[in-house]
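Model the full assembly from the supplied sequences, consistent with the hints where possible.
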Amino acid sequence: LEARAMKILTSVPELSSSLATFGIENAICIEVDNLIVVSGFTGLDLKTGAISEGPFEKHAHEAVDCFELIFGKLGLSLDHVIKVNCFLANPLQDFPSWNDLFKSRFNPPYPCRTTVGAPLVAGLIELEMMAHRTSRRAARIVT
Amino acid sequence: LEARAMKILTSVPELSSSLATFGIENAICIEVDNLIVVSGFTGLDLKTGAISEGPFEKHAHEAVDCFELIFGKLGLSLDHVIKVNCFLANPLQDFPSWNDLFKSRFNPPYPCRTTVGAPLVAGLIELEMMAHRTSRRAARIVT
Amino acid sequence: LEARAMKILTSVPELSSSLATFGIENAICIEVDNLIVVSGFTGLDLKTGAISEGPFEKHAHEAVDCFELIFGKLGLSLDHVIKVNCFLANPLQDFPSWNDLFKSRFNPPYPCRTTVGAPLVAGLIELEMMAHRTSRRAARIVT
Numbered sequence: 001l002e003a004r005a006m007k008i009l010t011s012v013p014e015l016s017s018s019l020a021t022f023g024i025e026n027a028i029c030i031e032v033d034n035l036i037v038v039s040g041f042t043g044l045d046l047k048t049g050a051i052s053e054g055p056f057e058k059h060a061h062e063a064v065d066c067f068e069l070i071f072g073k074l075g076l077s078l079d080h081v082i083k084v085n086c087f088l089a090n091p092l093q094d095f096p097s098w099n100d101l102f103k104s105r106f107n108p109p110y111p112c113r114t115t116v117g118a119p120l121v122a123g124l125i126e127l128e129m130m131a132h133r134t135s136r137r138a139a140r141i142v143t
Numbered sequence: 001l002e003a004r005a006m007k008i009l010t011s012v013p014e015l016s017s018s019l020a021t022f023g024i025e026n027a028i029c030i031e032v033d034n035l036i037v038v039s040g041f042t043g044l045d046l047k048t049g050a051i052s053e054g055p056f057e058k059h060a061h062e063a064v065d066c067f068e069l070i071f072g073k074l075g076l077s078l079d080h081v082i083k084v085n086c087f088l089a090n091p092l093q094d095f096p097s098w099n100d101l102f103k104s105r106f107n108p109p110y111p112c113r114t115t116v117g118a119p120l121v122a123g124l125i126e127l128e129m130m131a132h133r134t135s136r137r138a139a140r141i142v143t
Numbered sequence: 001l002e003a004r005a006m007k008i009l010t011s012v013p014e015l016s017s018s019l020a021t022f023g024i025e026n027a028i029c030i031e032v033d034n035l036i037v038v039s040g041f042t043g044l045d046l047k048t049g050a051i052s053e054g055p056f057e058k059h060a061h062e063a064v065d066c067f068e069l070i071f072g073k074l075g076l077s078l079d080h081v082i083k084v085n086c087f088l089a090n091p092l093q094d095f096p097s098w099n100d101l102f103k104s105r106f107n108p109p110y111p112c113r114t115t116v117g118a119p120l121v122a123g124l125i126e127l128e129m130m131a132h133r134t135s136r137r138a139a140r141i142v143t
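Chains as they are written, first to last, in the numbering used here: chain A, 1 to 143; chain B, 1 to 143; chain C, 1 to 143.
Derived by calculation from the structure, the hints in this document are not laboratory data.
Check before you lean on any hint, since a few could be wrong.
Pairs count within a copy or across copies, as identical chains cannot be separated in the list.
Once the Cα atoms are required to be at most 30 Å apart in a straight line, the calculated DSSO-like pairs of lysine-lysine come out as [said to hold, decoys possible]:
| id | residue 1 | residue 2 |
| --- | --- | --- |
| 1 | Lys73 | Lys7 |
| 2 | Lys47 | Lys73 |
| 3 | Lys73 | Lys103 |
Computed from a predicted model, the values in this text were never measured in an experiment.
Here it is, written out as structure tokens:
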């Protein structure tokens, strides 16, 4: 029963300063029925609380770092991600770097992914991830 | 068993006129395994069926009203929302108002949220929400 | 137990050439707990591996064809889709065609849907779908 209850991660110390800068109070992530939804994040400088500086590669890595940090708080990792949604401020210019970064940060079998462009509120990338308490490494591969 | 069956809300009287104007026939929302997905909505004038007039704050409140109406048909409320996706026509200009509105319309612990800009088909905001039959008020808070 | 295990479709022969062109290695789709998430796809020419040529209607049909192909590999069909997310490169121009196409490709009761515009990495449409192993035809209709 406990395993199926809803859990809400309302704050993460390393992200608090960044979120307070923008007056953001939404949940960091919510787990229910073994499914985990996470709020969108851009690349953040966890020391200053500011949107991290470019270039794109560094900034995008820092966005992925946020999710790795968040999943760690739940005893999970990027191996539990089933779906990544990526919004790029400059989609044509940055897609190749994002695609390389995706392959370097996730382990195969990779999660599902959608990437589109969008005028962002802040930063060069906005990432969303959906995860499951089952690791992709334990999945059955179908081809 | 019944609790896990799929339910489809195909129409809501208050929204019918608006959707008919655009020839839209998709489901309003679908519930399965206690998870509820909802179609995207902008701010609608439920009396005339038109896209509601601005300013942004009024229009965005009316978009949230649509979801409150929809969840009510399932015996649910905004307290059951786990994830909000918001697309803003003018992200830099309207994010602060949207952020304030979010905090005024939802009760803590807040749901997860992602906000990006997008050229919209209609209106100044397009909202999506995912919900669960468990209320956030019954969740275990993790920090 | 098996029914609830995670399955990852890592490749589909008909899509391999297209994905290799862009160096894309993400999963095609992942099923867990009867929920299926799928990567985003645009219209592809499955013979050449290129982004399919316009006009919009043909190209958009080919995007839907990708999903029909993918769901077929899991013994599912478009009847199992609960949510469609559509990103249009030219939202004002192409929404009416997309709305008509949606009604022609899906059977009622229709899935949920959200459509917004977005500057795309490739093509005129980027589609996402979430599905469930329960068919919409078996759902209870609520009005």
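### Query
Is the C-alpha distance from Lys73 to Lys7 at most 30 Å within one copy, between copies, in both cases, or in neither?
both (12 Å within a copy, 25 Å between copies)
### Alpha-carbon proximity context of Lys73 and Lys103, limit 30 Å
both (23 Å within a copy, 25 Å between copies)
### Intra- versus inter-subunit Cα pairing at 30 Å for Lys47 with Lys73
within (18 Å within a copy, 46 Å between copies)
Of the numbered hints stated above, none is contradicted by the structure.
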